[in-house]
Amino acid sequence: MNYLLPHSIDQAAGNFPDKDAFRCGNNHISYRELSAKTNQLAHLLVSLGVRKGDRVGIYLRRSLETAVAVYGIMKAGAAYVPLDPDAPAARTRFLLEDCSIEHLISHRSQLRGLDDILKEDVKLKTIIGISEEQVIKTLPWEVLEQFPAGNGPALRILEQDLAYVMYTSGSTGAPKGIMHTHYSGLSYARLSAQLYHLSPEDRIGNHAALHFDISTMGYFSGPLVGATTVIIPEAHTKMPASLAQLMEKEKLTVWYSVPLALVQLLDQGLLDQRDLRAIKWVLFGGEPFSSRHLKALMELWPQAIFSNVYGPAEVNQCTYYHMTTPPDINTAIPIGQVWDNTEIMIVDKTDAMVPEGEQGELLVRSATMMKGYWKQPQLTEKSLYVSRDEWGFEKVFYRTGDLVQLNPKGELMFLGRKDRQIKTRGYRVELDEVEAALLRHEGVTEAAVFSVSNDVEGLLIEATVILKDQCTLSEKALQSFVGLHLPLYAMPHKINFVSSLPHTSTGKIDRVKLQEEGAKIKENK
Amino acid sequence: MRQVLIDYIEEQLLSGRSGIKVAAEDDLMGSGLIDSMGMMRFVRFIEDHFEITIPPEDLVIENFMTVEDIDNYLKGRKSA
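In order, the protein sequences belong to chains A and B.
All residue numbers for the first sequence refer to the UniProt record's numbering, where the first residue is 1 and numbers rise by one.
All residue numbers for the second sequence refer to the UniProt record's numbering, where the first residue is 1 and numbers rise by one.
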């Protein structure tokens, strides 16, 4: 029976031994090779002292090695912890310490970052994947050849055991680790494979870095059905024209990314000449897709079904909204319906269910749900809602902090974050609504809205936008445009025009950073 | 020309990561020296500084992988 994530690749190695499991640039690895290499890595890790439940770090960029690392670590009974190579060294050291990571899997291309991390004391014992000497022991990838490839270590691993820990920013300032088990990870893989009709013929474009939760589709769902996952190489994520070329060359059938990656291709007119008729599914998530861009893209790829994927990393995915016809401009895209093996509640501040159609916080109970936050029982408890029936049976829901409501068609609409709501001069304003208003202007490519506090007037709304090339739009003109859609109090009092917005390492606009910068400018005045 | 590019990368794009020296043949993208937003800023800088327009279809890895590649691309444009 298939109940652990690595069972997927071993099973695919039996069914489709020579098929590419993963591709990245000019490199590829078959299921047979992947199964063998991950067995070897697991044996190596066990020989180094890794025990069931230990955490092993992955310090790699988009590459084939990531797939070997993910599955090799899990076959050793350990949980993998993807580290962001772009994160500041201090943050990475915090994660290493927080997860008591002793072994790290990396590559010589990451030496620069590793040097930085090792400048200060860390409790690492081994770095696998580099031959260059460091202050701690290093082992080259070639060392794997010395270990048995036929089978992984004989270990009693249960589906409820820890499989991976993914970090996300915490409201307290320190990152928090989301714990997922084989059960929650595999449940996600099964549900997504079913929902998107994944088959061994599929070629899944994986744009997300490994530390971003939407990478689980490429890394888990692809192997579950014996499909090929095409890891978009680092360089292609930075060069849109090359990315468009690659999408065509690899004949991708499924695409999954944040909207930004597609918007960039679209705005630069790079998709018009590409033959992308192989694409059947376009999945997007992480943040809202402007209906204007989505419409343009859907007109370009009429053969594809577009699907809005929603779900915080704590539950992987929980809803979907499929689209076969382009949306009307200026309408928000629903997050849609709850998928299988999942139930929801929409509650008010007192945890009472809101009347149907009213706005409330979304609570989710699902097979795909996390086990909790690593080493943070209090935070975990706070994030959960437990309902008990009279017989003592418990149902545990995750509090998403997202505000939703059901529209008249019974589809869930995402309204914003519980904590992105502000009051300005006594009025309640959803900042995301202001953003959506700015994005309605055809000259605006990206917009971020945040609040800045002012001693006299309280919270003020500010916006930072990127305009399309050659678009000359004055602050006044844009303000009057959004004034068409927003009440006066919700209009940004200031709009900054920039050429780039800061993004978090997972590709979302870093509004917190913008807000901090805005606050600093005020202080210095 | 190369030095202008290297200076910009070291001073503008790597700000905060002090002490990193960039060589003309360093892989700017695969090693993570420059992120995707940094790359867009870099392209805009090149356009402004050299007073040229780089069409979207020229934004390919072959032209921008290393400082050397960018240098060659810019030289190629001049002679064209």
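I should point out that these hints are in silico values taken from the structure, not numbers from a laboratory.
Be aware that one or more of the hints could be misleading.
[To be verified] Looking from chain A toward chain B, a few residues come up when the C-beta cut is under 7 Å (computed):
no.: 1; residue: R108
no.: 2; residue: S109
no.: 3; residue: P240
no.: 4; residue: A241
no.: 5; residue: D469
no.: 6; residue: Q470
[To be verified] Derived pair list, reagent style DMTMM-like, types lysine to aspartate or glutamate, alpha-carbon separation capped at 25 Å:
no.: 7; chain 1: A; residue 1: K382; chain 2: A; residue 2: E361
no.: 8; chain 1: A; residue 1: K119; chain 2: B; residue 2: E11
no.: 9; chain 1: A; residue 1: K251; chain 2: B; residue 2: E51
no.: 10; chain 1: A; residue 1: K468; chain 2: B; residue 2: E68
no.: 11; chain 1: A; residue 1: K520; chain 2: B; residue 2: E68
no.: 12; chain 1: A; residue 1: K468; chain 2: B; residue 2: D58
no.: 13; chain 1: A; residue 1: K349; chain 2: A; residue 2: E411
no.: 14; chain 1: A; residue 1: K251; chain 2: B; residue 2: E11
no.: 15; chain 1: A; residue 1: K125; chain 2: A; residue 2: E159
no.: 16; chain 1: A; residue 1: K119; chain 2: B; residue 2: E62
Note that CB positions come from ideal geometry on N, CA and C, so glycine has one too.
Verification of the supplied hints:
no., hint, verdict
1, R108, "10 Å, violated"
2, S109, "6 Å, holds"
3, P240, "6 Å, holds"
4, A241, "5 Å, holds"
5, D469, "9 Å, violated"
6, Q470, "10 Å, violated"
7, K382(A) with E361(A), "14 Å, holds"
8, K119(A) with E11(B), "22 Å, holds"
9, K251(A) with E51(B), "37 Å, violated"
10, K468(A) with E68(B), "29 Å, violated"
11, K520(A) with E68(B), "38 Å, violated"
12, K468(A) with D58(B), "18 Å, holds"
13, K349(A) with E411(A), "22 Å, holds"
14, K251(A) with E11(B), "40 Å, violated"
15, K125(A) with E159(A), "28 Å, violated"
16, K119(A) with E62(B), "34 Å, violated"
This entry does not satisfy hints 1, 5, 6, 9, 10, 11, 14, 15 and 16, going by the numbered hints stated previously.
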